[in-house]
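K.L.:
Letter by letter, the chains look like this.
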Amino acid sequence: MLRLRPIIAVLLLLLSLPLVAEDGRISAQLAETTEPLVPLKQVLGEKTFNEAMATGKYSFATNFKCRLCHRDFFVGRKKDAHDHTFAKVVEAGHGEAQQCMGCHTTGFGVPGGFESPVTTPKLANVQCEGCHGPGSEHIRRNARGGFLAGTDRPEVLKQMCLTCHNERWNRAFDNFQQAYDSYKTAKPGDEK
Amino acid sequence: MVEFLRRYNLSLQLGFLIIALCSFSYYNYISQKSLFLKQLQNDSSDLLQSVRSSIVKFNSIERTLSISSLVSNMSFKLEIFEFRYLDSEGVVVNSMFEDEVGKPYDHPGIELALKQDGEFSEYYSMGQYYVEERDLTKVMAITFPVQEGERRYGIIDLAVDIGEFDYIPDASRDAVMSRLQKDTTNLLNAIAGSIVSRVKVFETLDLPDFLSALVAQTGGTREVSLADENGVIYSSSRKELYGDKESIVQFRSQRFRQHDGKHEYLMMVPLNPEESTGDVMLLAIDADHYVDNERKLRFTSIATSLLAIIVSVTIAYAIYSINLRRAREENIRLEKMVEERTDELRRISQTDKLTGLANRSYLEEHLEIEFKRSLRYQLPLTLAVVDLDHFKRVNDTFGHLAGDAVLREIGARLRAELRETDFVGRFGGEEFVVIFINTSLEGSLKLAELLRRMVEVSPVHFEGQDIPVTASIGVAIRNSAHEGYKEIFADADQALYQAKEQGRNCICYVNDGEVLRYHSKTVIDD
Chain A
2 MLRLRPIIAV LLLLLSLPLV AEDGRISAQL AETTEPLVPL KQVLGEKTFN
52 EAMATGKYSF ATNFKCRLCH RDFFVGRKKD AHDHTFAKVV EAGHGEAQQC
102 MGCHTTGFGV PGGFESPVTT PKLANVQCEG CHGPGSEHIR RNARGGFLAG
152 TDRPEVLKQM CLTCHNERWN RAFDNFQQAY DSYKTAKPGD EK
Chain B
131 MVEFLRRYNL SLQLGFLIIA LCSFSYYNYI SQKSLFLKQL QNDSSDLLQS
181 VRSSIVKFNS IERTLSISSL VSNMSFKLEI FEFRYLDSEG VVVNSMFEDE
231 VGKPYDHPGI ELALKQDGEF SEYYSMGQYY VEERDLTKVM AITFPVQEGE
281 RRYGIIDLAV DIGEFDYIPD ASRDAVMSRL QKDTTNLLNA IAGSIVSRVK
331 VFETLDLPDF LSALVAQTGG TREVSLADEN GVIYSSSRKE LYGDKESIVQ
381 FRSQRFRQHD GKHEYLMMVP LNPEESTGDV MLLAIDADHY VDNERKLRFT
431 SIATSLLAII VSVTIAYAIY SINLRRAREE NIRLEKMVEE RTDELRRISQ
481 TDKLTGLANR SYLEEHLEIE FKRSLRYQLP LTLAVVDLDH FKRVNDTFGH
531 LAGDAVLREI GARLRAELRE TDFVGRFGGE EFVVIFINTS LEGSLKLAEL
581 LRRMVEVSPV HFEGQDIPVT ASIGVAIRNS AHEGYKEIFA DADQALYQAK
631 EQGRNCICYV NDGEVLRYHS KTVIDD
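Here the protein sequences come in this chain order: A and B. For the first sequence, the working numbering assigns the number 2 to the initial residue and increments by one for each residue that follows. For the second sequence, the working numbering assigns the number 131 to the initial residue and increments by one for each residue that follows.
To be clear, the hints were calculated from the coordinates, so they are not data collected in a lab. We put the CB at the ideal spot given by N, CA and C, even for glycine. Please note that the accuracy of each hint is not assured.
[To be verified] Restraint-style ranges between C-beta atoms, simulated for each label pair: (1) GLU359(B) with LYS188(A): 19 to 27 Å; (2) LYS163(B) with GLU52(A): 55 to 63 Å; (3) PRO155(A) with LEU165(B): 48 to 56 Å; (4) SER28(A) with PRO299(B): 22 to 30 Å; (5) GLU156(A) with GLU359(B): 34 to 42 Å; (6) ALA29(A) with GLY323(B): 55 to 63 Å.
Work the whole structure out from these sequences, hints included.
P.N.:
Structure representation (structure tokens):
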């Protein structure tokens, strides 16, 4: 038994390693000194992003507006992990960490996007506009298109996915294309 | 066939011209008319669309009001999650989700609210807020009656999202919640009041008034009527048409009609193509302009056709009269030619070719006429037979051409010496006969002597030669014993024979059956 202690200790240490590694990712993220990530700005490039914002056409409508036409997608996404990202980050105790907001809210860092749960509670979590960009132009057109990262621009949209689902936070999917395709339907497999 | 074509060539051409012009004019009329009609139909169709959409809009406004815009205008800063306006039966009249409209709203709170008023459940109660989850979203909802006094107009179902309250500290949550409820109640009261007042407005404004106003407003529309599936008019801008069944027959069978002396274009269409209610809209559109244009067009085309016919007939008449005149002139010319030819032939038949004097047959004809005339009027008629002496010798000596020349020359001399009323002809050979009309024997003998001298006085020149010629003359006058000119002729012949006997180049005559020689000094006692 005594001989086993060091082995158990080593085993325990080894078993706790993933937890340490987990904490390591969070602390590494929190320790980032760069500007907090703004996925839309990163994908479009600063110049294009600023130009688009300067037109004044783009503002966030929230998923309540999306629901009026895309009710099935609204219900489907309510069950999806994306709709719980802000609760997750609050649970983890980093609800006010700027370095996390880019991937846990809708439109953080974008004019009119998420600022804080008090001032902009309706833009918490990653909603429709979190990936597709502001929806005001789409609503105004009342037709396909009008998004900065719409389904009509799949390469941009895929980049939007990959800014958050990056090397550090890549556990969300094993096969990107499969996961991407599953989000084309209203109910992407009821994942929590 | 060919003969027929040739004969009526001009008429056929003109006929074709008339037909071509008339058909062109008719074609023009037809095409212009269809163009006008198409324009009228286009205009009418635009008008129809606008009138129909106005009526449909009126109907739908009456049924649903424009609550969506009302809500969004009044919701201030409230984020409305769901809004429904139900009629008093619980059927959705207006909703954010269009597919719900017209169906009963399936919600336990509404069901209970319809069954009984006041407190009907522990949780759901009319006019009380409750919290529930809709579409996986936590909301605060209320079932709110729209009513005035005893009358209930409808029910509002309203939900406000309260998911964000999770992020509000527990201590301040109640205060925020109560403020939200207060704002929402204010909104509901405003909406309810607005709905009540609007419904009242629509109740006082009826469809016929609206239709009259529509006709008055929409230029070009004369009548708008609505008829049910049995063709009975239930609403119309012309109030006298209420319950009318006859009008629709007109609309079914005619495109145009006259009403109050004005022309109208009739259209009949389903009131609302999307709803198969069988209601039809009858629309009478001002067609005065069209009819006026059509009339002008018809007049022009008829005038053109008539003009074509008149021009063609005028041309035909002109050509005909020109031809007629030309034919007449041609006739006259031909007649004249025939006359001239006839004259010529007569002259040729009466004339001796060589001397140009009357020939024997004409001479005898003339002699017979003159004989009869002298007998009838008891006038003297004298005959002188002039015969050239030894003419055979002239022919033999100088040739036949010379003989001819002599005869020609002597003929001319005789003719030149005689009076106009005297007649001279060549009897044959070298023998000439002269007829003296209404001349005494003595006068005739003097003239015969003149003739004899004219022959003798100078020789006839022929090709540089002088041919001396003399003539013997026998003269006889008609006496009562003569029964025909031949007898006078016989007497004259006898006298000539005597003159030849007496040495030629002299005159002998017959007087009272006795043949005597004439001397210029002889005095004849008639």
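K.L.:
With reference to the structure, classify each hint as holding or not holding.
P.N.:
Hint check:
1. GLU359(B) with LYS188(A): 19 to 27 Å: violated (46 Å)
2. LYS163(B) with GLU52(A): 55 to 63 Å: holds (60 Å)
3. PRO155(A) with LEU165(B): 48 to 56 Å: Holds, since PRO155(A) and LEU165(B) (Cβ atoms, about 53 Å apart) stay within the stated range.
4. SER28(A) with PRO299(B): 22 to 30 Å: holds (28 Å)
5. GLU156(A) with GLU359(B): 34 to 42 Å: violated (57 Å)
6. ALA29(A) with GLY323(B): 55 to 63 Å: For GLY323(B) against ALA29(A), whose Cβ atoms are near 60 Å apart, the range 55 to 63 Å holds.
Hint compliance for this structure: hints 1, 5 are not met, and every other hint is.
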